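Residue numbers for the sequence shown follow our numbering, so the first one is 11 and each next one is one higher.
These are calculated hints, taken from the structure and not from any lab test. Just so you know, not all the hints are guaranteed correct.
To be verified - List time: in silico SDA-like cross-link candidates among lysine to any residue, alpha-carbon distance up to 25 Å:
1) Lys54 - Tyr73
2) Lys54 - Leu41
3) Lys54 - Leu66
Since we're looking at a predicted model, the values are computed, not measured.
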Amino acid sequence: MNVRRHGLGTFVQRTLADPSLESHDMLRQGLENWLHDAYAADLKEESIQALFDRTLQEFKKKYEEGIA
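Throw the hints in and build the complete structure from the sequences for me.
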């Protein structure tokens, strides 16, 4: 994540490098497959974003409750 400091430039505050980085390629491929299916179903970008956001929020709630 980059942070701008007026008059000083842009600095890297955080990167994606963490232990989960090893699984990113596999997860990204799965997400790309899902996006391919969404586009094939003729969903528009706004609908895809809304579906993803809603599903993420519902999953997080279930996960926190120990259901997922």
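Which of the listed hints are not met by the structure?
Hint 1 contradicted; others consistent.
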